[in-house]
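Engineer: Just so we're aligned: 419 in the working numbering is position 304 of the first sequence, and the numbers increase by one with no gaps anywhere.
It should be emphasised that the hints constitute simulated quantities derived from the structure, not laboratory data. Just so you know, these numbers come straight off a predicted model, no measurement behind them. Some clues are possibly wrong.
Quick list of simulated restraints, FRET-style, between CB atoms [to be verified]:
id, residue 1, residue 2, range
1, Lys418, Asp232, 39 to 49 Å
2, Phe746, Trp363, 48 to 58 Å
3, Gly234, Arg423, 43 to 53 Å
4, Gly234, Glu279, 18 to 28 Å
5, Ile727, Val264, 46 to 56 Å
6, Ser178, Glu612, 57 to 67 Å
7, Lys680, Leu184, 42 to 52 Å
8, Arg182, His619, 53 to 63 Å
9, Gly424, Leu670, 38 to 48 Å
10, Asn456, Glu495, 43 to 53 Å
11, Glu691, Ala180, 32 to 42 Å
12, Glu691, Val247, 49 to 59 Å
13, Ile292, Asn434, 42 to 52 Å
Taking lysine-lysine and the DSS-like style, the derived pairs with C-alpha atoms no more than 27 Å apart in a straight line are [said to hold, decoys possible]:
id, residue 1, residue 2
14, Lys556, Lys498
15, Lys273, Lys285
16, Lys633, Lys514
17, Lys556, Lys542
18, Lys121, Lys174
19, Lys285, Lys299
20, Lys418, Lys299
21, Lys381, Lys121
22, Lys633, Lys418
23, Lys559, Lys504
24, Lys421, Lys185
25, Lys542, Lys559
26, Lys542, Lys498
27, Lys285, Lys381
Yeah, the Cβ is synthetic: ideal placement off N, Cα and C, and Gly gets one too.
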Amino acid sequence: MEENSKKRFYITTPIYYVNDVPHIGHAYTTIIADSISRFKKLAGYEVFFLTGTDEHGQKVEKSAAERGLKPIELADIVVGRFKSLWKALNINNDYFIRTTQPIHEKGVQIIFQKLKDKGDIYKGVYKGYYCVSCENYLSEDIPLEEGGVKICPDCKEKAGVVSEECYFFKLSSYQKILLDFYEKNPAFVRPPSRMNEVVSFVRHGLKDLSITRTTVEWGIPVADDPGHSIYVWFDALNNYVTGIGYGWNQELFKKFWPADVHLIGKDILRFHAVFWPAFLMAAEIPLPRTVVGHGWWLKDETKMSKSRGNVLDPHSILNTFGADSLRYFLLREIPIGLDGNFSHEGFIHRVNSDLANDLGNLVQRILTMIGNYFGGRIEEIDKENERDKRLRLEFNSVKEIVFRHYENYAINKALEEIWIYINSVNKYLAENEPWKLAKDKSQKMRLGRILYQAAAALRAIAYFVFPVMPESAEKIWNYLGEENPINREFFSDVQFENFVLGQHIKVPEPIFPRVKLKDFIKEKTQNVHHGKEEKMETITFDEFKRLDLRVAEILKAERVEGTDKLLKLEVDIGTERRQMVAGIAQEYSPEELVGKKLTVITNLKPAVIRGIESQGMILAGELEGKAVIPFFTEDIPAGSKVR
RNA sequence: GGCGGUGUAGCUCAGUCGGUUAGAGCAUACGGCUCAUAUCCGUAGUGUCGGGGGUUCAAAUCCCUCCACCGCCA
Numbered sequence: 116m117e118e119n120s121k122k123r124f125y126i127t128t129p130i131y132y133v134n135d136v137p138h139i140g141h142a143y144t145t146i147i148a149d150s151i152s153r154f155k156k157l158a159g160y161e162v163f164f165l166t167g168t169d170e171h172g173q174k175v176e177k178s179a180a181e182r183g184l185k186p187i188e189l190a191d192i193v194v195g196r197f198k199s200l201w202k203a204l205n206i207n208n209d210y211f212i213r214t215t216q217p218i219h220e221k222g223v224q225i226i227f228q229k230l231k232d233k234g235d236i237y238k239g240v241y242k243g244y245y246c247v248s249c250e251n252y253l254s255e256d257i258p259l260e261e262g263g264v265k266i267c268p269d270c271k272e273k274a275g276v277v278s279e280e281c282y283f284f285k286l287s288s289y290q291k292i293l294l295d296f297y298e299k300n301p302a303f304v305r306p307p308s309r310m311n312e313v314v315s316f317v318r319h320g321l322k323d324l325s326i327t328r329t330t331v332e333w334g335i336p337v338a339d340d341p342g343h344s345i346y347v348w349f350d351a352l353n354n355y356v357t358g359i360g361y362g363w364n365q366e367l368f369k370k371f372w373p374a375d376v377h378l379i380g381k382d383i384l385r386f387h388a389v390f391w392p393a394f395l396m397a398a399e400i401p402l403p404r405t406v407v408g409h410g411w412w413l414k415d416e417t418k419m420s421k422s423r424g425n426v427l428d429p430h431s432i433l434n435t436f437g438a439d440s441l442r443y444f445l446l447r448e449i450p451i452g453l454d455g456n457f458s459h460e461g462f463i464h465r466v467n468s469d470l471a472n473d474l475g476n477l478v479q480r481i482l483t484m485i486g487n488y489f490g491g492r493i494e495e496i497d498k499e500n501e502r503d504k505r506l507r508l509e510f511n512s513v514k515e516i517v518f519r520h521y522e523n524y525a526i527n528k529a530l531e532e533i534w535i536y537i538n539s540v541n542k543y544l545a546e547n548e549p550w551k552l553a554k555d556k557s558q559k560m561r562l563g564r565i566l567y568q569a570a571a572a573l574r575a576i577a578y579f580v581f582p583v584m585p586e587s588a589e590k591i592w593n594y595l596g597e598e599n600p601i602n603r604e605f606f607s608d609v610q611f612e613n614f615v616l617g618q619h620i621k622v623p624e625p626i627f628p629r630v631k632l633k634d635f636i637k638e639k640t641q642n643v644h645h646g647k648e649e650k651m652e653t654i655t656f657d658e659f660k661r662l663d664l665r666v667a668e669i670l671k672a673e674r675v676e677g678t679d680k681l682l683k684l685e686v687d688i689g690t691e692r693r694q695m696v697a698g699i700a701q702e703y704s705p706e707e708l709v710g711k712k713l714t715v716i717t718n719l720k721p722a723v724i725r726g727i728e729s730q731g732m733i734l735a736g737e738l739e740g741k742a743v744i745p746f747f748t749e750d751i752p753a754g755s756k757v758r
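Can you build the whole structure from these sequences, using the hints too?
Structural biologist: Structure (structure tokens):
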């Protein structure tokens with residue numbers, strides 16, 4: 116009974132399309148969800164946090180084909196990228212759903228069938244403007260040109276009317292029920308301004324929705340009519356139920372459904388606030404409690420887009436600042452719902468000022484003083500005076516306000532409140548000047564009280580920032596000598612006095628080093644310069660190990676006839692001799708290469724170049740298009756492993 | 001074109017069931033401290049509260065109108 120009555124909380128992000136490179140927008144949504152989920156856990160909820168990937172559709176099919184891959188192979192690669200980004204960002208999701216998983220596909224088919232049996236899904240004919248070169252129907256809102264054609268926004272080609280047999284969902288019959296639902300649940304969509312948009316959209320009338328295609332191979336087939344595959348939204352939205360067990364783990368599903376929060380970007384509001392509830396009503400599944408739409412991040416005041424080439428890659432920031440600074444910035448800068456502007460100047464400014472100067476420096480000064488004046492251990496302290504008491508009492512109100520803000524997903528305000536307290540502690544130190552008391556031995560107990568008070572406040576601060584900055588919070592926690600994990604304590608149990616005397620305080624390293632804009636920009640532009648194609652994703656050591664890199668000795672080298680760049684090399688890789696073709700003839704003559712030792716990759720799939728099979732590849736630096744080979748200067752036998 | 005929103009200090013914004021000299025952070029200037037990451041603390045400002053008109057003893061706040069920008073829809 117006790118176990119069953121535990122408060123539960125289910126939060127989702129959208130599933131991200133695998134025909135996309137992970138960028139700051141994905142990171143933003145997922146970071147919000149992660150912070151809310153961490154907070155809810157502290158608040159005593161049993162939490163399920165779901166994210167994942169949307170992997171079907173023509174675009175995936177097409178990009179995979181362009182790269183000589185099967186769709187699932189492309190999906191696997193991109194899924195790896197998402198997962199490694201989530202890891203780098205400290206995202207603690209409970210499950211990662213992929214729409215290509217059998218559990219999902221089956222669930223979607225079950226729901227589809229159910230609606231079909233009910234008559235909410237029926238077969239009809241879809242008529243639309245179809246762009247032949249993009250193999251895609253144009254969206255309805257594209258204006259009609261002269262001559263009864265529309266212009267495809269992607270390729271600018273003319274698109275004529277095409278019709279196709281497909282299944283429709285009877286969205287039109289849900290207008291009234293939806294409007295009733297919105298009226299009874301005005302907080303279903305947040306922020307409220309978005310709710311207005313939804314209502315006015317539904318008021319204007321709903322058309323039935325085409326939910327299958329016969330032209331898309333890469334999708335979930337309709338079970339009893341496999342020529343049709345289930346189209347994007349009907350497939351994707353259902354991840355929210357299949358991801359927690361619908362159709363495969365009824366117990367889990369019952370435990371967490373309905374979802375408390377579907378966190379989404381404002382661009383997909385209609386699908387979540389109109390179509391999704393309608394699908395669920397039809398399937399007789401309870402509706403989610405809220406759909407929270409957040410804003411977009413602009414880059415230097417302009418919208419980020421692939422075509423503009425100004426899409427912000429989180430890795431460049433992560434490398435310099437770590438996850439917590441990015442998490443903090445994205446959540447502190449704007450309330451969920453409004454758009455924000457990301458500029459490197461703004462980012463550095465806030466991170467230096469709030470994290471390095473305010474919090475980081477506070478941690479540093481308190482811990483250093485405890486180290487210097489007490490050898491890291493405060494044992495005995497004076498009674499509280501009025502000023503000390505004020506700092507302790509302020510904790511109580513801060514705790515309450517911070518809790519309330521987190522509860523309302525006003526994370527920016529929660530942080531703002533925490534920072535007011537940080538300032539109070541700084542002020543407390545300035546007023547009490549412990550460094551002066553330290554010179555007078557008779558003041559030791561008083562000095563102890565002051566530093567105890569500051570450290571106790573700091574412990575609370577670390578706890579409060581944990582949902583947003585888990586790594587740094589834990590660092591401070593450990594510095595303070597806490598032995599239990601920070602998230603083992605419930606929010607309601609956090610007390611000022613939970614910082615106990617006698618704990619062994621460690622010598623700190625600055626947790627948020629200041630970064631100069633100059634240095635950041637320099638590094639950023641260097642990265643751009645070197646990796647023009649795009650920043651590479653992080654790989655694991657296991658992935659790295661799959662490369663068989665060896666020392667090779669060049670035995671023979673000759674020019675490839677009819678080319679001026681290629682050399683044919685014969686190399687010794689210890690166990691065997693290999694033939695390799697390398698584009699280095701303009702930089703190196705065959706004569707100077709013979710006898711040299713260098714690094715080659717030996718398990719690269721052989722390729723035929725100019726009719727010659729190349730059984731591996733030599734590694735070389737690239738400087739303005741010219742190869743620069745790193746030769747071994749030490750004597751090392753051919754075949755030695757390089758790592 | 002329809003509906004909704006926004007316009008307040010150099011910047012980002014808070015404040016509107018009408019009511020004392022309109023606020024915060026950042027930036028700027030000056031002062032203090034030296035435990036601390038050149039960090040921290042204090043002081044000082046500056047605003048025709050988008051324009052105009054109206055209601056009222058009293059308007060950033062309510063009403064009308066105009067302008068600018070944004071969102072959703074067509």
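Engineer: Does each hint fit the structure? Answer for all of them.
Structural biologist: Hint check:
1. Lys418 <-> Asp232: 39 to 49 Å: 44 Å, holds
2. Phe746 <-> Trp363: 48 to 58 Å: 57 Å, holds
3. Gly234 <-> Arg423: 43 to 53 Å: Once the Cβ atoms are compared, 46 Å apart, the range 43 to 53 Å for Arg423 and Gly234 holds.
4. Gly234 <-> Glu279: 18 to 28 Å: 21 Å, holds
5. Ile727 <-> Val264: 46 to 56 Å: 51 Å, holds
6. Ser178 <-> Glu612: 57 to 67 Å: 58 Å, holds
7. Lys680 <-> Leu184: 42 to 52 Å: Since Lys680 and Leu184 have Cβ atoms about 28 Å apart, the given range 42 to 52 Å is violated.
8. Arg182 <-> His619: 53 to 63 Å: 55 Å, holds
9. Gly424 <-> Leu670: 38 to 48 Å: Distance hint for Gly424, Leu670 holds at roughly 45 Å.
10. Asn456 <-> Glu495: 43 to 53 Å: 51 Å, holds
11. Glu691 <-> Ala180: 32 to 42 Å: Taking Cβ atoms as reference, Glu691 and Ala180 lie about 36 Å apart, which means the hint holds.
12. Glu691 <-> Val247: 49 to 59 Å: Cβ of Glu691 to Cβ of Val247: about 51 Å, so the range 49 to 59 Å holds.
13. Ile292 <-> Asn434: 42 to 52 Å: Since the Cβ atoms of Ile292 and Asn434 sit about 50 Å apart, the hinted range of 42 to 52 Å holds.
14. Lys556 <-> Lys498: 17 Å, holds
15. Lys273 <-> Lys285: 30 Å, violated
16. Lys633 <-> Lys514: 38 Å, violated
17. Lys556 <-> Lys542: 24 Å, holds
18. Lys121 <-> Lys174: 43 Å, violated
19. Lys285 <-> Lys299: 23 Å, holds
20. Lys418 <-> Lys299: 35 Å, violated
21. Lys381 <-> Lys121: 32 Å, violated
22. Lys633 <-> Lys418: Judged against 27 Å, a Cα distance of about 25 Å means the pair holds.
23. Lys559 <-> Lys504: 19 Å, holds
24. Lys421 <-> Lys185: Cα-Cα ~24 Å, so holds.
25. Lys542 <-> Lys559: Holds, at about 21 Å.
26. Lys542 <-> Lys498: Measuring from Cα to Cα gives roughly 20 Å; hence the hint holds.
27. Lys285 <-> Lys381: 25 Å, holds
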